[in-house]
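Produce the complete structure using the sequences and hints provided.
Protein sequences, first through last, are from chains A and B. In the numbering used here, each residue carries its 1-based index in the first sequence increased by 4. In the numbering used here, each residue carries its 1-based index in the second sequence increased by 106.
Where hints are given, some of them may not hold.
Selected chain A positions facing chain B (Cβ under 7 Å, derived; list incomplete) [stated by the list, open to error]:
#, residue
1, ASN38
2, HIS43
3, PRO64
Distance ranges between label pairs, derived from CB positions [stated by the list, open to error]:
#, chain 1, residue 1, chain 2, residue 2, range
4, B, HIS259, A, SER7, 36 to 42 Å
5, B, VAL212, A, SER7, 30 to 36 Å
6, A, LYS39, B, THR326, 19 to 25 Å
What the hints contain is simulated information worked out from the structure, not anything from laboratory work. We put the beta carbon where it would ideally sit given N, CA and C, even for glycine.
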Amino acid sequence: MASVTVNEDVCKGCGLCVDACPKKIMALDAARINKKGYHAAYCVSMADCIGCAFCATMCPDVAITVEK
Amino acid sequence: MAVVFQKTPLLTDKPFHYCPGCTHGIIHRLVAEVLGELGIGETAIGVAPVGCAVFAYEYFNCDMMEAAHGRAPAVATGIKRVCPDKAVFTYQGDGDLASIGTAEIVHAATRGEKITTIFVNNAIYGMTGGQMAPTTLPGQVTTTSPYGRDTDHCGFPVRVSEMLGTLNGPAYIERVSVHDVPHIRKAKAAIKKAFQLQMEGRGFTMVEVLSTCPTNWGKTPQESMQWVKDAMMPVYPLGVFKDVTAQPVAEGGAV
Chain A
5 MASVTVNEDV CKGCGLCVDA CPKKIMALDA ARINKKGYHA AYCVSMADCI GCAFCATMCP
65 DVAITVEK
Chain B
107 MAVVFQKTPL LTDKPFHYCP GCTHGIIHRL VAEVLGELGI GETAIGVAPV GCAVFAYEYF
167 NCDMMEAAHG RAPAVATGIK RVCPDKAVFT YQGDGDLASI GTAEIVHAAT RGEKITTIFV
227 NNAIYGMTGG QMAPTTLPGQ VTTTSPYGRD TDHCGFPVRV SEMLGTLNGP AYIERVSVHD
287 VPHIRKAKAA IKKAFQLQME GRGFTMVEVL STCPTNWGKT PQESMQWVKD AMMPVYPLGV
347 FKDVTAQPVA EGGAV
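Structure follows, in structure tokens:
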């Protein structure tokens, strides 16, 4: 069991975490925008997260915290 | 659950002003994490450049100094000579280091100043609007080379790591990339080694990091990462260009 927390306010929706995720469970939330106007990243299926922290390693805005 | 990854306290809470997908943020994080892991973050002194990273002093949670354009190695020289026990680093882009600051970096390196330079090379001037830099690739389109860099007219890119690697003063020079997770890990290891050798007083250390500029390259963050791999790495091959720990001391003491 692992969890990914995205600090939505600093996410710029670049999508690098989406590409880095080996389980393909990160996505940009097309239905919402954050206060900067970006579609922030979120974890689609937390149950499948393996806690590898690839998303956080790739994130240029250090917006992701990973727990395992 | 245990925390596997969280933002290091050596970065401030201020959100980066960089464009979406710009790898400056990754490189900032790596430097801050290394300072923390080596236990030198409390006393480290950084020197910020002019360019996109001009506000680096807002993001690193250690003492920072702002230098005039290109002059960060000269400022860092002064700081290190007054405070020889502190970790002193400069964080510079290619427009700052490889153009207006060429004299300062070459002479700081050849003097063997015991500082660490993080050289962020994205082959373009980012902050000023995407003009051709000394590091711009042959044929690369920028706002001042709209038909691509013509080497007959504008010359060839400067390979700073190779150039400084020929000098006696540097202790460690490596070129790394941050376009994917394995390379980010290697980049962090290189930055760590550079700071370790600085603290051992071995000489000048520099890590050149191939970086992206999605905005001025006119590419998505994903295309930019691919472009680093496909276009930049053939011109700027990754590798170690100087490492005193790997070489025997030459006769006369100079390495």
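Hints and how they fare:
no. : hint                              : in the structure
1   : ASN38                             : violated (11 Å)
2   : HIS43                             : violated (10 Å)
3   : PRO64                             : holds (3 Å)
4   : B:HIS259 with A:SER7: 36 to 42 Å  : violated (55 Å)
5   : B:VAL212 with A:SER7: 30 to 36 Å  : violated (49 Å)
6   : A:LYS39 with B:THR326: 19 to 25 Å : holds (23 Å)
Checked against the numbered hints given earlier, this structure breaks hints 1, 2, 4 and 5; the rest are met.
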